[in-house]
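> Sequence:
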Amino acid sequence: MAFSGKWIIRGKNLEKIHPFPLHLLLEAEKLKLKSQSWIEFLIDDKDFIEIKDGTPLIHVIPDKEKLDLQKFKREVEECYQFQAYSVEPIMKPTSVLLIFPYSLKDKRWIKMGIPPSLLFLSSSLKSNSHSVEIKKIPIESEIIPEDIENFSWIGIPLYDELFIPVRKFIRSIKERFRVKIAVGGPMVTLSPLAVSAHLPEANLIVRGEAEETFGRILSLIHDPFSNIRELFKIKSFLYRDDKILISSSFSEIPVPELKFSSMDIDSIPDEELEKGLEINTSRGCPRSCIYCSHVHGKRVREGPLENIREWINSFKEKVESKNIRNSQAFTININDDDILLNEKRAEKILKIIYESGFKIWGIQTSLETIEEKRDFLNFIFNPEFYFGNEPLLWLGTDSFLPERRKRLGRKPLNKKLIEELIEIFERKVARNFHYLILSDHKTDWIEFIEEILFICELQRSYKYFDIIPTSRFLIPYPYTPSFRIIPIERIEKENLSIKGYPQFDYPIVKFAKPQNEHIFALLNPSISFESSISPKDFVNSLSTKNFREVINILYSFLKLSVQRERNEQKRKILVNLIEDLERKGQNLI
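One rule links them: number in our numbering = place in the sequence shown (from 1) + 169.
Among the clues, some could well be false.
[As the list claims (entries may be wrong)] Dumping the calculated DSSO-like pairs for lysine-lysine here, alpha-carbon to alpha-carbon at most 27 Å:
(1) K597 x K585
(2) K261 x K485
(3) K235 x K221
(4) K242 x K199
(5) K261 x K276
(6) K517 x K428
(7) K444 x K304
(8) K304 x K520
(9) K513 x K428
(10) K632 x K580
(11) K412 x K185
(12) K662 x K611
(13) K585 x K542
(14) K597 x K520
(15) K295 x K485
(16) K575 x K739
(17) K181 x K240
(18) K520 x K242
(19) K235 x K199
(20) K274 x K304
(21) K240 x K215
(22) K542 x K632
(23) K611 x K632
(24) K242 x K201
(25) K185 x K233
(26) K199 x K668
(27) K611 x K739
(28) K679 x K668
(29) K585 x K753
(30) K235 x K668
Everything labelled a hint here was simulated from the structure, so no lab data went into it.
Based on the sequences and whatever the hints tell you, model everything.
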């Protein structure tokens with residue numbers, strides 16, 4: 170839930186009564202207070218309503234136990250529409266540091282360049298006359314860049330899995346520097362109330378794709394009183410400082426057409442140029458994976474093809490101006506969810522990249538798409554498109570079992586069909602890396618062993634097949650279907666709370682535990698479980714094709730399950746599994 174409509178809260182030292190202002194807006198929302206202009210609250214020691222210039226001004230005592238807005242509802246609803254007078258907005262440029270936080274545990278971001286979303290955002294900011302710099306900063310670092318003092322605003326995207334360390338990082342910045350913080354990204358878009366409550370250090374909270382709004386908000390927010398009418402023309406943001414809170418259609422998520430035409434190539438730090446260029450040519454995905462937030466929506470929106478050539482040429486000019494000779498600098502990484510959903514457009518994009526003198530690292534797609542469009546995808550196997558002249562596919566496979574794929578919201582492809590597709594990759598000499606979720610809330614021994622053994626058989630049979638175990642466990646974020654489906658007791662989480670305000674409770678989800686505690690222990694070597702079992706990393710053994718180690722670890726934990734099982738029928742099933750594992754394991758080894 171977030172706040173619809175237009176609201177202003179004024180007072181002294183609003184940060185000291187946090188989160189009462191948010192509670193006040195929630196209560197007004199519940200009461201369905203609506204005005205033809207906006208509603209303004211003044212937090213003081215009074216309790217009455219007055220009408221000023223056609224706008225309701227409600228005086229409120231900052232005590233949630235004494236809060237009673239019902240008595241003001243009739244006067245608010247009868248308030249006449251204000252007469253808007255012509256006031257030229259006062260625009261003022263500012264300085265912005267865009268920070269991309271990442272974890273050193275995620276090796277992808279060490280090798281990857283600046284995310285395209287920051288380059289689009291930076292271009293938008295500069296078009297509004299703001300000065301911009303971009304930095305990638307690991308969240309594990311305790312060193313706060315000293316040049317932060319040179320900026321008026323810091324912009325940071327928020328993600329659930331990084332929220333706790335990023336909040337600590339933001340608090341360190343606010344303790345040392347007089348700078349304002351703006352946040353956006355997936356967590357803000359999908360859990361705006363949680364971010365507003367649990368990150369009071371954030372001055373500006375912007376939902377959705379902010380290329381069209383962020384720069385204009387910053388141009389106006391230096392004088393919110395004078396610019397209030399212009400600010401209220403912009404949707405989906407909340408601004409606050411010690412004297413004012415402004416909420417403008419915060420319940421809405423903007424999903425604009427991809428009209429942006431430029432990436433701010435000039436703001437890419439020199440040290441990031443050798444990693445090549447990260448681009449997005451579309452946003453949105455029509456699939457229905459239960460763990461996906463669909464933060465960009467289910468409708469695929471495509472950017473103009475002519476923009477892509479412009480981005481690449483600008484990047485090429487900068488790389489050559491720096492006299493960089495590293496061939497990796499002339500690579501493109503396409504961040505689209507599945508670029509092959511529109512195969513004709515994808516082929517045009519690959520040709521544009523190739524004709525511009527660049528190579529791609531690989532193509533991100535899915536087995537569903539390959540299966541549905543296999544007769545039209547010969548172009549993806551052209552080695553000239555790829556860095557190192559080796560075709561490479563990253564496939565969001567999640568699982569190789571049809572029933573489990575169906576449970577995860579994927580198309581239930583059978584194992585025979587999957588192997589048929591992998592054989593195509595093998596004949597085309599195309600490396601195919603499959604992103605996997607190794608377990609979910611219903612994973613049991615029968616299913617787990619069947620899938621692991623099938624993976625091992627594929628690894629042994631196909632030279633170009635490989636896996637990327639993205640997640641040992643399913644992660645049911647609070648705004649996804651999986652969180653509603655999975656029993657709450659199976660979800661491992663850390664609860665954020667504010668004393669006296671239970672409406673702001675929010676779970677930072679870690680993962681969903683599989684049904685069997687021994688499978689959970691097998692996939693999680695960090696926990697102390699059984700001293701008789703060596704704490705070896707099963708996932709690492711699987712990734713490196715150490716079949717002997719995979720079978721030994723499976724055997725050890727499965728045997729432990731047999732010893733602990735008291736139900737005779739279930740125990741018999743597990744014993745049969747052990748015998749089957751021994752037989753198939755011998756063939757693998």
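> Next step is simple, just say for each hint if it's right about the structure.
Results of checking the hints against the structure:
Distance restraint check for K597 and K585: the Cα-Cα separation of roughly 19 Å lies within the 27 Å cut-off, and the hinted pair is therefore satisfied. Taking the CA atoms of K261 and K485, the gap is near 33 Å; set against the 27 Å cutoff, the hint is violated. Of the pairs offered as hints, the one joining K235 and K221 holds, with about 24 Å between alpha carbons and a cut-off of 27 Å not exceeded. Straight-line distance between C-alpha atoms of K242 and K199 comes to about 12 Å, which keeps the hinted pair within the 27 Å bound.
With a C-alpha separation of about 40 Å, the suggested pairing of K261 with K276 is violated against the 27 Å cut-off. A C-alpha spacing of about 19 Å is found between K517 and K428, which places the hinted pair at or below 27 Å, so the restraint holds. As the CA atoms of K444 and K304 are separated by approximately 15 Å, the hinted pair is consistent with the 27 Å bound. Under the criterion of a C-alpha separation no larger than 27 Å, the hint pairing K304 with K520 is inconsistent with the structure, at around 31 Å.
The hinted pair formed by K513 and K428 meets the criterion: a straight-line CA distance of about 20 Å does not exceed 27 Å. Taking the CA atoms of K632 and K580, the gap is near 26 Å; set against the 27 Å cutoff, the hint holds. Annotation: proposed proximity of K412 to K185 holds, straight-line Cα distance about 11 Å (limit 27 Å). Our distance criterion of 27 Å between C-alpha atoms is met by K662 and K611, whose separation comes to about 18 Å.
A hinted pair counts as satisfied when its Cα atoms are at most 27 Å apart, and K585 with K542 qualifies at roughly 18 Å. With a CA separation close to 19 Å, the supplied pair K597 and K520 stays within the 27 Å bound. Annotation: proposed proximity of K295 to K485 holds, straight-line Cα distance about 21 Å (limit 27 Å). Our distance criterion of 27 Å between C-alpha atoms is met by K575 and K739, whose separation comes to about 25 Å.
A distance of roughly 25 Å separates the Cα atoms of K181 and K240; the hinted pair therefore holds under the 27 Å criterion. For the hint linking K520 to K242, the alpha-carbon distance of about 61 Å lies beyond 27 Å, and the restraint is violated. Our distance criterion of 27 Å between C-alpha atoms is met by K235 and K199, whose separation comes to about 16 Å. A C-alpha spacing of about 18 Å is found between K274 and K304, which places the hinted pair at or below 27 Å, so the restraint holds.
Of the supplied pair hints, the one linking K240 and K215 holds, its CA atoms being roughly 14 Å apart against a limit of 27 Å. Our distance criterion of 27 Å between C-alpha atoms is met by K542 and K632, whose separation comes to about 24 Å. With a CA separation close to 31 Å, the supplied pair K611 and K632 exceeds the 27 Å bound. With a C-alpha separation of about 9 Å, the suggested pairing of K242 with K201 holds against the 27 Å cut-off.
Restraint check: the Cα-Cα separation between K185 and K233 comes to about 14 Å, which is no more than 27 Å; the hinted pair holds. With a CA separation close to 21 Å, the supplied pair K199 and K668 stays within the 27 Å bound. A threshold of 27 Å between alpha carbons decides the hint, and for K611 with K739 the separation of about 16 Å falls inside it, so the pair holds. This hinted pair checks out: K679 and K668 have alpha carbons roughly 23 Å apart, not beyond 27 Å.
For the suggested pair K585 and K753, the alpha carbons sit about 18 Å apart, so the restraint of at most 27 Å is met. This hinted pair checks out: K235 and K668 have alpha carbons roughly 18 Å apart, not beyond 27 Å.
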